[in-house]
Amino acid sequence: MKPLLRGVCVTAAVLGGAFQVSAADLVVAMPNWPSGQASANIIKAALEKSLEVKVDVQEMGTMIAFTGLDTGTVDVYPEVWQPNFDQLIQKFSTERGTVHLSSRNVAATQGLCVTQKTYDDFGIHDVADLKDPAKAKVFDTDGDGKGEMWIGARGWLSTDVERIRAKSYGYADTMTLLEMPEEVAMSAVDAAAATDKPIIFYCYSPHHVFELHQVKQLSEPPFDAAKWNIVLQADDPMWLSKSDAPVAWKPSSFSVAYATSLSKRLPQVAKLLDNIDFTADEVTAMSYAIEVERQDPAKYAEQWVASHEDRVKAWLQ
Amino acid sequence: MTGIMRLGGRLRRAVALSVAVGLGTTLAFADQTQIFDPKTHKWVNYDRKKARQYYAAHGQVPDAFRRQVVDFRTAEKPGTIIIDGNQHFLYLVLPGLKAVRYGIGVGRDGFGWAGIVRVGRMAEWPTWTPPAEMVARDPNAVKFAGGMPGGPDNPLGARALYLYQGDQDTIYRIHGTPEPWTIGLDVSSGCIRMNNDDIVDLYSQVQVGAKVVVLMQGAALYKGV
Numbered sequence: 001m002k003p004l005l006r007g008v009c010v011t012a013a014v015l016g017g018a019f020q021v022s023a024a025d026l027v028v029a030m031p032n033w034p035s036g037q038a039s040a041n042i043i044k045a046a047l048e049k050s051l052e053v054k055v056d057v058q059e060m061g062t063m064i065a066f067t068g069l070d071t072g073t074v075d076v077y078p079e080v081w082q083p084n085f086d087q088l089i090q091k092f093s094t095e096r097g098t099v100h101l102s103s104r105n106v107a108a109t110q111g112l113c114v115t116q117k118t119y120d121d122f123g124i125h126d127v128a129d130l131k132d133p134a135k136a137k138v139f140d141t142d143g144d145g146k147g148e149m150w151i152g153a154r155g156w157l158s159t160d161v162e163r164i165r166a167k168s169y170g171y172a173d174t175m176t177l178l179e180m181p182e183e184v185a186m187s188a189v190d191a192a193a194a195t196d197k198p199i200i201f202y203c204y205s206p207h208h209v210f211e212l213h214q215v216k217q218l219s220e221p222p223f224d225a226a227k228w229n230i231v232l233q234a235d236d237p238m239w240l241s242k243s244d245a246p247v248a249w250k251p252s253s254f255s256v257a258y259a260t261s262l263s264k265r266l267p268q269v270a271k272l273l274d275n276i277d278f279t280a281d282e283v284t285a286m287s288y289a290i291e292v293e294r295q296d297p298a299k300y301a302e303q304w305v306a307s308h309e310d311r312v313k314a315w316l317q
Numbered sequence: 001m002t003g004i005m006r007l008g009g010r011l012r013r014a015v016a017l018s019v020a021v022g023l024g025t026t027l028a029f030a031d032q033t034q035i036f037d038p039k040t041h042k043w044v045n046y047d048r049k050k051a052r053q054y055y056a057a058h059g060q061v062p063d064a065f066r067r068q069v070v071d072f073r074t075a076e077k078p079g080t081i082i083i084d085g086n087q088h089f090l091y092l093v094l095p096g097l098k099a100v101r102y103g104i105g106v107g108r109d110g111f112g113w114a115g116i117v118r119v120g121r122m123a124e125w126p127t128w129t130p131p132a133e134m135v136a137r138d139p140n141a142v143k144f145a146g147g148m149p150g151g152p153d154n155p156l157g158a159r160a161l162y163l164y165q166g167d168q169d170t171i172y173r174i175h176g177t178p179e180p181w182t183i184g185l186d187v188s189s190g191c192i193r194m195n196n197d198d199i200v201d202l203y204s205q206v207q208v209g210a211k212v213v214v215l216m217q218g219a220a221l222y223k224g225v
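In order, the protein sequence lines correspond to chains A and B.
The first sequence begins at 1 in this note's numbering and counts up by one.
The second sequence begins at 1 in this note's numbering and counts up by one.
In isolation and in its complexed conformation, chain A is listed as follows (with noise of 0.2 Å):
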């Protein structure tokens, strides 16, 4: 999912080509992490089939997609992130009434992750672990006593975020923080497990990392909204000294969003699209087969439609 925030950065690189003309009812937007992909194409088949409307499916990031459920150009988003995107959620769905938040959501989680063997081998269990010079050590690659560490890619808000809690926690004294795209992350990850090195990264899930790997999430002092101090580097030259968040993230969710519109001009489709139900699991699963087995998201959300049918029916009910 990359849930994260993808940044100003990449959603102003896709505006140009992001609304297209579309000779179908409906246009699901799409994102492009693997979950998002799967579940956008599993709403198009699920509603082509039992609906029998015409669904065009369009690779957008979340940004363009609030865009585009305001004005009418998309109708479905597939997969939106809290509380990464309240902001654009308080926007057009609080104030503006123009996207609809399905009610139903997946649980989702995100913080800092060690795989199995880091966690026994080298007792890593708890972010204060890693304001100990002598464990963050452990991660040392490059020599200079401090660990390494992958903190997201650049560009995803959540970054900015995980640098502020880096700072919040200490770790950031101790730790060299990187950020790259998220496949190199990923394949350090495998590089690590294949030959049982200790690594500490960024994680988020459902993620197919988790069925990939054994991998372990770090416990921290839960979230305490009264320490939750974000300013974004998008708002201000002097986010990071402003901020402070030595906590964990808020519990986090994803749901389905559409046009608040679709409510009247298509109510059946409202009404599926309220009752998807998507487990962590079977997002788990999704991110996997798309990202991991490779197969094809249209594919592969045409086989899951014909699997669930008694699911699907129960969508309309």
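Read the hints as simulated data drawn from the structure, not as lab findings.
There could be a bad hint or two in this list.
Okay, derived cross-link-like pairs now, DSS-like style, lysine-lysine, Cα gap no bigger than 30 Å in a straight line [claimed, not checked]: (1) A:117 with B:98; (2) B:77 with A:117; (3) A:299 with B:77; (4) A:216 with B:77; (5) A:250 with A:91; (6) B:211 with A:299; (7) A:137 with B:49; (8) A:299 with B:98; (9) A:131 with A:117; (10) A:131 with A:227.
Pulled a few chain B residues facing chain A out of the computed Cβ check, cut under 7 Å [as the list claims (entries may be wrong)]: (11) 74; (12) 84; (13) 86.
Label-pair ranges, simulated between beta-carbon atoms [said to hold, decoys possible]: (14) B:165 with A:71: 32 to 42 Å; (15) A:244 with B:145: 51 to 61 Å; (16) B:166 with A:72: 31 to 41 Å; (17) A:264 with B:71: 51 to 61 Å; (18) B:133 with A:144: 22 to 32 Å; (19) A:298 with B:167: 25 to 35 Å; (20) B:151 with A:144: 39 to 49 Å.
C-beta: ideal position from N, C-alpha, C; glycine also.
Based on these hints, arrange chain B on the given structure of chain A.
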């Protein structure tokens, strides 16, 4: 537990190795790769001198750096190359969550880069042209200023894969070497070197366009990412 480690300024542990080395027990070198001797259950240095001795005695590099198929669970598709300079391994992803693992030599100062590139060009017995600064400082390089023809003494060895970012040559290559004992060490001038048998094997299995992931750990960080 077996592994490779670096000492002196750097402390790096890599790999599960099973190296039946018999390298002796006297450790006189620091700041070099170490390998685990299962006979003595001690870490032993693996530096230029030891590497030469090992190669002279065995005619090949230690087990860990020899070509082998390993379990490798990854989401990358078969045909992708993943380079772990920290552990001196290059993986060629195979179907079925496997990979061919090759030993590599990397730069004295690391790569200075990490990220995703692709194989933009491939060559058999490539010509090597020394950089201008090498020609300026090394009289032996002057005669090759216009290019050294491919052959057994050519520093690029039997094959070269030229790494591109988009349509731009990054100047980095994965190439062979006339000095196979250097595999597992940090000795080259920034490229990724493999012994000639291995680069020929790799060359036969990849095509122009293959994705290459250079991990951000270790060698890629010496100069900062």
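Now for the hints, and whether the structure bears them out:
no. : hint                         : in the structure
1   : A:117 with B:98              : holds (20 Å)
2   : B:77 with A:117              : holds (25 Å)
3   : A:299 with B:77              : holds (18 Å)
4   : A:216 with B:77              : holds (25 Å)
5   : A:250 with A:91              : holds (20 Å)
6   : B:211 with A:299             : holds (25 Å)
7   : A:137 with B:49              : holds (28 Å)
8   : A:299 with B:98              : holds (25 Å)
9   : A:131 with A:117             : holds (20 Å)
10  : A:131 with A:227             : holds (19 Å)
11  : 74                           : holds (4 Å)
12  : 84                           : holds (5 Å)
13  : 86                           : holds (5 Å)
14  : B:165 with A:71: 32 to 42 Å  : holds (36 Å)
15  : A:244 with B:145: 51 to 61 Å : holds (58 Å)
16  : B:166 with A:72: 31 to 41 Å  : holds (36 Å)
17  : A:264 with B:71: 51 to 61 Å  : holds (55 Å)
18  : B:133 with A:144: 22 to 32 Å : holds (27 Å)
19  : A:298 with B:167: 25 to 35 Å : holds (31 Å)
20  : B:151 with A:144: 39 to 49 Å : holds (40 Å)
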